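Enquirer: Final position of the first sequence in numbering that gives the first Met the number 0 is 429; the numbers increase by one with none missing.
No lab work stands behind these hints, which were simulated from the structure alone. Keep in mind it's a predicted model, so treat the numbers as computed, not measured. Among the hints, erroneous ones may be present.
[Unchecked claim] Pairs of lysine to aspartate or glutamate residues, derived as EDC-like cross-links and limited to a Cα-Cα distance of at most 16 Å, are as follows: (1) K318 / E374; (2) K114 / D71; (3) K399 / D416; (4) K21 / E310; (5) K21 / D208; (6) K318 / D299; (7) K114 / D59; (8) K114 / E64; (9) K7 / E82; (10) K63 / E38; (11) K377 / E360; (12) K63 / E197; (13) K399 / E374; (14) K377 / D15; (15) K21 / E110; (16) K318 / E16; (17) K63 / E16; (18) K201 / E178; (19) K354 / E420; (20) K210 / E234; (21) K201 / E374; (22) K388 / E420; (23) K210 / D253.
[Said to hold, decoys possible] Label-pair restraints from in silico Cβ distances: (24) P327 / G276: 34 to 40 Å; (25) D15 / A370: 17 to 23 Å; (26) D343 / A370: 41 to 47 Å.
Beta carbons are placed, not taken as given, at the ideal position from N, Cα and C, and that holds for glycine.
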Amino acid sequence: MPQYQAVKGTRDIFPDEAAQWKYVEGAVHTLASLYGFSEIRTPVFEYTELFQRGIGATTDIVGKEMFSFLPDPNGRSITLRPEMTAGVMRAALQKNLLSLAPVHKLYYISELFRKERPQAGRQRQFSQFGAELLGVSSPVAVAEVITLMMQVFESLGLTGLNLRINSLGDTADRLRYREALQLYFAPFHDQLDDSSKERLEKNPLRILDSKNPAIQDIIAGAPRLYDYLSTSSVEEFEKVLFYLSERGIAYSVDHRLVRGLDYYCHTAFEVTSSELGAQDALGGGGRYDGLARELGNSQDLPAAGFAVGMERLLITMEKQGLFAALIPHAPLVYVVLQEQELLDHGMQIAFRLRKAGIKTEIDLAARSMKAQMREANKMRASYALFIGKEEEQSGLYALKNLVTSEQSTLSLEAVLDILREPAQRELLKS
RNA sequence: GUGAUUGUAGCUCAGUUGGUUAGAGCGCCAGGUUGUGGCCCUGGAGGCCGGGGGUUCGAGUCCCCUCAUUCACCCCA
């Protein structure tokens, strides 16, 4: 066992896997841009109060999962961001973005931190990609955001996902419903588990989220939030569903979907994958018009967004075999040295090739020719360029096509001429 | 934070009721004649058997503690 290993809940991403990340990130960038979203990058840590206010003091994230610390004895507590929305909203308010233009569409791919016990699909450092649409207070915004998210999944080839959606209504709706819930659960108080009892006081909606089998029957009989929605809230929700249907996006309405963060209102949604095990949420989001005011803004700021767990996305793709076509970028030519003394000359040749845009490998460890050839083969290099004493003096090199095994003796200029064209093709592919 | 699980070579794992110098496959390195890969063959390097303590003539195998892993709960991406 090595003396040092990666901190609990963190992991290293080695080249093979990094290629998968790059591929997925590329799809995110491309599609976000296609929908007119621009990238935003915010600091990894923020003042702790931002999350306490923004996410909600009663949530598990704020209550027990934040990495918080004091930068100096008299400083304000800061926290490694456990999610992105609060930080993005803070940035938007700080810059007064909405005064520059009425609508802003932002997306990100960022690292987040939560102090949870790791398990499948859950780490202490993880990353999400997500989008926030600011300034539009209508079902249009939610529909737009969901559509982008689903198109990312689709373009990556994911199948078998389940999109669930619900309406949480506006503040007034929820207030009325909250009372109704408390009234309903009161007689069952003694049968509830501890966390549900606590939620009954602080945030009764979240009792509906409970997976505790012992209280499922009680939950099943609870009044439905949907029945407490105002006419306008219902209309709004129906409009979102209409947009989704129109775009061929399959969904199922789930009246018990609440989601853990306090700032959601109206539409909330979640995408799950059966490929994921217990932590099956691939992504989720909703509307959060009230977040800005919660963060001290004088008024609400219409906003909708989603976040998708990158690790979970990668896990699902791996399980569905969606990385099979991802082949490592092989070198076009491998410079093979007859003996170690030729390394200087070999490196000079490699440099010339690389300058010409030709992906070139050379064995810096100066191993045997056999080893060099074996490695060239393993890397799937297309050509081997042999350098021996003769070549060094004559300036004529032996270029071997490793696929056809044909070999010819050429000047460096001739070699460049031959390799330039396939190098161009490789460049276009990558 | 709670519960369970597993810790033997770089990786995947064998290691019989405790009994000699701890094994395999893959990977890695080097060879299979004089400057040339893939397949094949040969050889080699590499393990305080997670750590500590205990039982025993004897522990990779049994007991205790500890650290770590994985999975699940809570909750979330």
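Enquirer: For every hint, state whether the structure bears it out.
Expert: Checked hints:
With a C-alpha separation of about 30 Å, the suggested pairing of K318 with E374 is violated against the 16 Å cut-off. Note on K114 and D71: the hinted pairing is violated, with a Cα-Cα distance of about 22 Å set against a maximum of 16 Å. This hinted pair checks out: K399 and D416 have alpha carbons roughly 15 Å apart, not beyond 16 Å. A distance of roughly 13 Å separates the Cα atoms of K21 and E310; the hinted pair therefore holds under the 16 Å criterion.
Pair hint K21 plus D208 does not hold up; C-alpha atoms about 35 Å apart against a cutoff of 16 Å. Restraint check for K318 and D299: the C-alpha separation of about 42 Å exceeds 16 Å, so the hint is violated. At roughly 10 Å between alpha-carbon atoms, K114 and D59 fall within 16 Å of each other, so this suggested pair holds. Taken as a hint, the K114 and E64 pair is honoured in the structure, with Cα atoms around 4 Å apart against an allowance of 16 Å.
Taking the CA atoms of K7 and E82, the gap is near 19 Å; set against the 16 Å cutoff, the hint is violated. Restraint check for K63 and E38: not satisfied, since their Cα atoms lie roughly 30 Å apart, outside the 16 Å limit. Taken as a hint, the K377 and E360 pair is honoured in the structure, with Cα atoms around 12 Å apart against an allowance of 16 Å. Between K63 and E197, the direct Cα distance comes to roughly 15 Å. Compliance with the 16 Å bound is thereby established for this hinted pair.
The suggested pairing of K399 with E374 holds, with an alpha-carbon distance near 15 Å, which does not exceed 16 Å. The suggested pairing of K377 with D15 holds, with an alpha-carbon distance near 15 Å, which does not exceed 16 Å. Between K21 and E110, the direct Cα distance comes to roughly 15 Å. Compliance with the 16 Å bound is thereby established for this hinted pair. For the given pair, K318 sits about 14 Å from E16 by alpha-carbon distance, which is consistent with the 16 Å threshold.
Restraint check for K63 and E16: the C-alpha separation of about 31 Å exceeds 16 Å, so the hint is violated. In summary, the hint linking K201 to E178 is supported, as the alpha carbons are separated by about 12 Å, within the 16 Å threshold. Of the pairs offered as hints, the one joining K354 and E420 holds, with about 14 Å between alpha carbons and a cut-off of 16 Å not exceeded. Restraint check for K210 and E234: the C-alpha separation of about 30 Å exceeds 16 Å, so the hint is violated.
At most 16 Å may separate the alpha-carbon atoms for a hinted pair to count; K201 and E374 exceed this at roughly 63 Å. At roughly 29 Å between alpha-carbon atoms, K388 and E420 are farther apart than 16 Å, so this suggested pair is violated. Simply put, K210 and D253 have alpha-carbon atoms about 15 Å apart, close enough for the 16 Å limit, and the pair holds. For P327 and G276, the hinted distance range of 34 to 40 Å is not satisfied, since their beta carbons lie about 29 Å from each other.
Separation of D15 from A370 is about 22 Å and conforms to the stated range, judged on CB atoms against 17 to 23 Å. Checked against the given bound of 41 to 47 Å, the beta carbons of D343 and A370, roughly 19 Å apart, lie outside it.
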